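Student: Now for the letters of each chain:
2 protein chains.
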Amino acid sequence: MESLLAELRAAVGAGAVLTDADVTAGYRRDMMPLAPHGQPLAVVLPSSTEQVRAVVRACAAAGTPIVPRGAGSGLSGAANAVEGCVVLVTTKMDAILEIDPDNRLAVVEPGVVNLDLRAAVEKHGLFYPPDPSSYDWCTIGGNLATNAGGLCCVKYGVTTDSVLGLEVVLADGELLRTGRRTVKGVAGYDLTKLFVGSEGTLGVITRATLALRPLPQAPSTLVATFGSTAAAGAAVSRVVAEGVVPSLMEIMDRTSIRAVEQHLRTDLNAGAALLLCQSDSGGEAARRELAAIEQACVGAGAELVYATEDLAEGRDLLTARRAVLTALEVYGAWLTDDVCVPRTRIADLITGCERIAAEVGLRVAVVGHAGDGNMHPTIVYDPSSEDEFARAQRAFDEILGLGLALGGTVTGEHGVGKVKREWLAKEIGPVGLRVHRDVKRALDPENLFNPGSMFSP
Amino acid sequence: MESLLAELRAAVGAGAVLTDADVTAGYRRDMMPLAPHGQPLAVVLPSSTEQVRAVVRACAAAGTPIVPRGAGSGLSGAANAVEGCVVLVTTKMDAILEIDPDNRLAVVEPGVVNLDLRAAVEKHGLFYPPDPSSYDWCTIGGNLATNAGGLCCVKYGVTTDSVLGLEVVLADGELLRTGRRTVKGVAGYDLTKLFVGSEGTLGVITRATLALRPLPQAPSTLVATFGSTAAAGAAVSRVVAEGVVPSLMEIMDRTSIRAVEQHLRTDLNAGAALLLCQSDSGGEAARRELAAIEQACVGAGAELVYATEDLAEGRDLLTARRAVLTALEVYGAWLTDDVCVPRTRIADLITGCERIAAEVGLRVAVVGHAGDGNMHPTIVYDPSSEDEFARAQRAFDEILGLGLALGGTVTGEHGVGKVKREWLAKEIGPVGLRVHRDVKRALDPENLFNPGSMFSP
Chain S
1 MESLLAELRA
11 AVGAGAVLTD
21 ADVTAGYRRD
31 MMPLAPHGQP
41 LAVVLPSSTE
51 QVRAVVRACA
61 AAGTPIVPRG
71 AGSGLSGAAN
81 AVEGCVVLVT
91 TKMDAILEID
101 PDNRLAVVEP
111 GVVNLDLRAA
121 VEKHGLFYPP
131 DPSSYDWCTI
141 GGNLATNAGG
151 LCCVKYGVTT
161 DSVLGLEVVL
171 ADGELLRTGR
181 RTVKGVAGYD
191 LTKLFVGSEG
201 TLGVITRATL
211 ALRPLPQAPS
221 TLVATFGSTA
231 AAGAAVSRVV
241 AEGVVPSLME
251 IMDRTSIRAV
261 EQHLRTDLNA
271 GAALLLCQSD
281 SGGEAARREL
291 AAIEQACVGA
301 GAELVYATED
311 LAEGRDLLTA
321 RRAVLTALEV
331 YGAWLTDDVC
341 VPRTRIADLI
351 TGCERIAAEV
361 GLRVAVVGHA
371 GDGNMHPTIV
381 YDPSSEDEFA
391 RAQRAFDEIL
401 GLGLALGGTV
411 TGEHGVGKVK
421 REWLAKEIGP
431 VGLRVHRDVK
441 RALDPENLFN
451 PGSMFSP
Chain Y
1 MESLLAELRA
11 AVGAGAVLTD
21 ADVTAGYRRD
31 MMPLAPHGQP
41 LAVVLPSSTE
51 QVRAVVRACA
61 AAGTPIVPRG
71 AGSGLSGAAN
81 AVEGCVVLVT
91 TKMDAILEID
101 PDNRLAVVEP
111 GVVNLDLRAA
121 VEKHGLFYPP
131 DPSSYDWCTI
141 GGNLATNAGG
151 LCCVKYGVTT
161 DSVLGLEVVL
171 ADGELLRTGR
181 RTVKGVAGYD
191 LTKLFVGSEG
201 TLGVITRATL
211 ALRPLPQAPS
221 TLVATFGSTA
231 AAGAAVSRVV
241 AEGVVPSLME
251 IMDRTSIRAV
261 EQHLRTDLNA
271 GAALLLCQSD
281 SGGEAARREL
291 AAIEQACVGA
301 GAELVYATED
311 LAEGRDLLTA
321 RRAVLTALEV
331 YGAWLTDDVC
341 VPRTRIADLI
351 TGCERIAAEV
361 GLRVAVVGHA
371 GDGNMHPTIV
381 YDPSSEDEFA
391 RAQRAFDEIL
401 GLGLALGGTV
411 TGEHGVGKVK
421 REWLAKEIGP
431 VGLRVHRDVK
441 RALDPENLFN
451 PGSMFSP
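Line by line, the protein sequences give chains S and Y. Residue numbers are given in UniProt numbering: position 313 of the first sequence equals residue 313, and the series is strictly consecutive. Residue numbers are given in UniProt numbering: position 169 of the second sequence equals residue 169, and the series is strictly consecutive.
If you're looking for bench data, these hints aren't it; they were derived computationally from the structure. This structure is a prediction, so every number in the text was calculated from the model and none was measured. Just so it is clear, CB atoms sit at the ideal spot from N, CA and C, and this is done for glycine as well. Any given hint might turn out to be false.
Now the stretches of chain Y that chain S is said to cover, found in silico as 3 or more residues with beta-carbon under 8 Å [to be verified]:
id, stretch
1, 23-29
2, 180-188
3, 191-200
4, 229-241
5, 278-287
6, 409-415
7, 439-446
A few chain Y positions that, by computed beta-carbon distances, are all more than 10 Å from chain S [to be verified]:
id, residue
8, Ala6
9, Pro101
10, Val154
11, Arg258
12, Ala272
13, Gly301
14, Val305
15, Gly361
16, Arg363
17, Glu386
18, Arg394
19, Ser456
Sequences are here, hints too, so could you generate the full structure?
Tutor: As structure tokens, then:
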């Protein structure tokens, strides 16, 4: 153990190897309170690909597991330490190595903060779409590892849709380059998209080539309120059926609305549900899209519809959506779940969450990305009460079961990590699990990376 | 061998097992003349997933390799028979099982012809983007196996971008279900995108859940002519820099233009290069996009720019592009190459192809999807001359080397198959090749599926 620590210090410098338990405690877990976490042997912060390779080789030789980690903003415990592991933190590798506006791509290290990349490419009139809620502090490496989503996904897809290629340190310390710098390419298996979303179980991503898009037009915004959950769900279906693809379409349920009204000391005039939509198509196209959305909402029985092209007003309207989690903190701690259901089943999911809330006797507020069916039912509980925590856990699991029963998936964007391993097995079944194990064994035969995360070996 | 044939007949019915060499000859190779092909033991045409499983189990037990095959429109020899194999043809599994307009998805069997799916979903106001040139006879199964592209890719991506989930028969006959019916989902590794583009080397795809889009607006069309290749290349770069994403952007070089002019007995008034662009954004948005493209072309020195919103006229303008391969047949047989380069290097690729054409003393016509840098230099040769064929092969390889040297890839959309195995190795390097072999071995330990295709085991 001491010899491993010596090797790690030789590899990354003594200052980049943390072993003091008080210090390493900050690297033991991410933002998911339900996931197990152990005590790491050490936390290392390499500054280069070569340092990552040296760390991986040293750990492999010592048989010490590695848990790769970004900023720690995850919501599934994927980056939680396992007992006696080395937590490999990539936040010091934070260089934007290249922005190529002519080929609309950027090459970055994994520690770049999502918001910093967005700001840097915006100067070139370009846009990096993936926008997880934690975009002001999460890193690209974590986004890649979890295939992060966000509010943009309804129009622009998730992280994997913006990745052209990767550089990955494998379990034996070899350096794999996947993908390419061109827009298209089918030379070999799509290893890029295999590593994206693999949650640190297959290797350490040390560099990424990302596809950029032209900066969209300034968004126009529409808000619609509904007297019933069913009517809001019907409005989403009508928007989809109309063939409109908004750049944002968020839903808030009754519980979220009430919490935000109390927090912001305002009346949202929204009974059972609120839809927030944007179009970033600009000009007449945006007007056409918002008009179609308005018609869909009115047709589904909206009580009130209001649209604006004004940027500041649009931002104000989104304040309600962004304030939900803060508003819920008045009532206790929150636990955010993450299911994705077919877009036609959103109302069923919200109604089901109301039933589950009543059963466990806790508040469950549903907010979500209505445009792609990705819902975040958020359970509020008293963290000082073991009983409430147990009931929150029960609600968390029941929501996952409900998502599956509605034809959905147990995770739309947060990942499996260490909190949904049993649910992954339920969703993909024994053959799917076997193939996962076969792929893991092929790339990481000694189970070096993030052992026991996602699925047991 | 007789016992395997008996088992195959028992599995799929005697009429669906072809062994007559005259009949199986039609299933020995695809449309790529350079790729090697062997004599199959038998060609089987299963009608259901269960029949595919039975065929796979029988072949696995007998140690007889399986080459999965769609319509045979491929251009890399991926579906070419290996000596003594069973060619497993999926064209009889051609049912569109479901179209769900509310969730914008379709569930299909692999034998559905691309055009038939397009037509079926269009009745619901929906759009299946991938449009390889062979779309009127190629099948979805082949499109999935090769991750096929087409003219749509500049705006809508390639096949993998439209796939939500798959059903795959594995080497031991087990049935794997990957992905989901929801728009988003990150439960487990992205096995869906691992199988898409794996060219029949990892399993047999028996069902696919495909994402659909709203039907776009009727396209507006713009044509621009240039006195030099460099000016046309600069126009493409300016369009990209302007942040416009056309729904189609094709380029034709001097040799293509001359061939088409002779074939259609017309004067295209295009000196060195011609750009064809479309916008399917409709109305003012389309006008804005085409105006920006026009400005980019004029700024780059276009000699003539003409735009039209008229559908029939737009179709006429595209005739020249669609006529290239037919027009080249006057001069001999053609051999289409497929490289993708950074969009800024298109002019360099065309100029390089002119040099290669002069060196080998053959006509090389370059057409391509300029919007994503995916070029198809097409070599014309006399098939009755061994010498010309050898020179065509030399040109084919030199173009691949040129593509790599320009920072591109050796295949943008046709695949590696049995014609570019050495080039895959060159492009991805020894570590990439090793990981490919590890993944292949994990999923197909006995090397049952398409052995020796893409890379040697």
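Student: If you test the structure against every hint from before, which numbers come out violated?
Tutor: 1, 9, 10
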